[in-house]
Structure formats: C-alpha cells, structure tokens
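Protein chains: 2
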Amino acid sequence: MKEKVDVKWQDEMAFEASLHENTQKIMIDAVPAVGGRNLGPRPKTLMLVSLGGCTAMDVISILKKMRVTPDYFNVEVEGELTEEHPKYFHSITVNYIFRGKDLPMDKIEKAVKLSEERYCGVTEMLKKSSKITSNIIVED
Amino acid sequence: MKEKVDVKWQDEMAFEASLHENTQKIMIDAVPAVGGRNLGPRPKTLMLVSLGGCTAMDVISILKKMRVTPDYFNVEVEGELTEEHPKYFHSITVNYIFRGKDLPMDKIEKAVKLSEERYCGVTEMLKKSSKITSNIIVED
Numbered sequence: 001m002k003e004k005v006d007v008k009w010q011d012e013m014a015f016e017a018s019l020h021e022n023t024q025k026i027m028i029d030a031v032p033a034v035g036g037r038n039l040g041p042r043p044k045t046l047m048l049v050s051l052g053g054c055t056a057m058d059v060i061s062i063l064k065k066m067r068v069t070p071d072y073f074n075v076e077v078e079g080e081l082t083e084e085h086p087k088y089f090h091s092i093t094v095n096y097i098f099r100g101k102d103l104p105m106d107k108i109e110k111a112v113k114l115s116e117e118r119y120c121g122v123t124e125m126l127k128k129s130s131k132i133t134s135n136i137i138v139e140d
Numbered sequence: 001m002k003e004k005v006d007v008k009w010q011d012e013m014a015f016e017a018s019l020h021e022n023t024q025k026i027m028i029d030a031v032p033a034v035g036g037r038n039l040g041p042r043p044k045t046l047m048l049v050s051l052g053g054c055t056a057m058d059v060i061s062i063l064k065k066m067r068v069t070p071d072y073f074n075v076e077v078e079g080e081l082t083e084e085h086p087k088y089f090h091s092i093t094v095n096y097i098f099r100g101k102d103l104p105m106d107k108i109e110k111a112v113k114l115s116e117e118r119y120c121g122v123t124e125m126l127k128k129s130s131k132i133t134s135n136i137i138v139e140d
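As you go down the protein sequences, you meet chains A and B in turn. Numbering of the first sequence is given in the working numbering, commencing with residue 1 and proceeding in unit increments. Numbering of the second sequence is given in the working numbering, commencing with residue 1 and proceeding in unit increments.
So that you can see chain A by itself, here it is in the shape it has in the complex (with noise of 0.2 Å):
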C-alpha cells in the first residue's frame, strides 16, 4: 500500500501539507529563532505526534478486543534531540496514562506490549536510531 503527501511552500518557513487521503491540510512552520513564525507545528514535533498516535491507536483497538474502557487514556510522548547536525531525536520516553475504576493492569501491560513489539511500524521505523523507554501509569 502506497502513501502520499504534498508538502508546499507558502512563505518563509511556512509550508501546507496536503493528504492524499482526505481534505485535511496542515499548516507547518519553524519557530522565530530560524526565520519561522510559529504558524504550525515544526516537522520534528509531528514525528513525536505520529509514534504517539500509532501505538495509542494500537493500544485503544486491542483493549476494546479485551473489553477493557479507560475513563482516560492519554500518550504523552518526549524526546531528546542531539545536539549536532544532524539532529534527531536520539532517545524518547513514551508514558500511557490511563485513568479508570478497575483497570485490569494485566491486560493494559499486554496491550501496550502488543503494539511495542508487533503492531506499531512508527515504532519499528524510530527505535532504529533511538532509545524508546515506555512507562504504564495508571490513576483510579
């Protein structure tokens, strides 16, 4: 399966991604400090976006096989740039958060383990060049 976007320049440092797949556009941008004016998120932040959207989707769809409904389920995803070009991300920490009554911690651990280790190809593509920690927090 192939796909496709178009990433177009409109100014500046200011470009609008289209999606082949649908209507949406995004508007990407950098920030002040390297001629940007902050008017989209920068390139780097929606990798960040995309690892934490692919396993959350992972974890959401094979919980609700299992039964399992957080109250709240969020994925808060950090990482480190290097400091020499070219930088990327050369670690990231990924925290699940779920909050709930009786959340079964089992079944969240396997979810999550799933999605790490067989379901999430953002993951499989990043853990190449970085250091990918996870923690399950889960709050009553």
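Just so you know, these hints were derived from the structure itself, not from any lab. Quantities reported herein were computed from a predicted structural model and do not represent experimental measurements. It is possible that part of the hints are untrue.
[What the hints assert, rightly or not] Computed, partial: chain B to chain A, Cβ under 10 Å:
1) Thr55
2) Phe73
3) Tyr88
[What the hints assert, rightly or not] Far from chain B, some chain A residues (derived; all Cβ distances over 10 Å):
4) Asp6
5) Met66
6) Asp106
7) Glu124
8) Lys131
[Stated by the list, open to error] These stretches of chain B come out as covered by chain A in the derived footprint (C-beta under 8 Å, 3 or more residues):
9) 75-87
10) 100-111
11) 117-130
12) 133-140
Cβ coordinates follow ideal geometry from the N, Cα and C atoms, glycine included.
With chain A held as given, fit chain B onto it using these hints.
Frame of chain A; chain B shown alone:
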C-alpha cells in the same frame, strides 16, 4: 533539547494531539476500515509530512542564503508500506519540485544534498529502516 506532545483519546479511534510549544491541536484518526471516522490524518501519514517538512525547510533556508527564490516549491513524499505487521514504510520517494525562471540547478542540487546528508534529522532517523530515493524536478 527536549520536545513533548500529548496524544489524548477522544472516542473510537480519534485522538487529539497537543503540542507543547504552541497552542495548536491536531486531530488524528484511523480510516473507517479499522473503526475510524477519518476525522484527521493517520499517524503514519504524519511521518511522511514530518520528513517532507524537515527537508523542505532545510532546502528553502539554504536556497535563501544562496539568494535563490523559486516561484513554487513542493516536496512530494510517497511511502510504500510493508504487507506484514508491523507495517512500516520500507521505501520512500521524495520529489523536490521547483518552478521559476532560470533557476540554478547546481545550487538546487547542493541544497538538497546538504539537507539529505547533513541537516535533516528526520531523514537521518528514517533512512535506517527505509530506502529513501529522491528526485529533483525543475519546471520552467
């Protein structure tokens, strides 16, 4: 330097990403085939936007220093997914498309090469798992 995002579950397969450096939010969703409602881009699509945006910003800022301003600049990114889980982009094609009068091909080639080999952190990360091919297309 650290960057952080939150990817918070809304309902079904929809998640809202909050970017800590600005107030923008991005909705992400899955396609109907896997229980989504197409309310936003898929996580893997964002990875292609991240790659296209990263290299596009490098190229336009290097060209600016060289005093080259295209009339039009678009970076087309096409990724091909593996058939088996975890599904990831085993190959990615990046087309740099320029329009403008008398654009200097040598400077454009140099700018693209500097991004690919020295500056683009997203390229650096993805090339460990994807075969990345690029083309420069200059239209008059």
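Tell me, which hint numbers fail for this structure?
-> 4, 7, 10, 12
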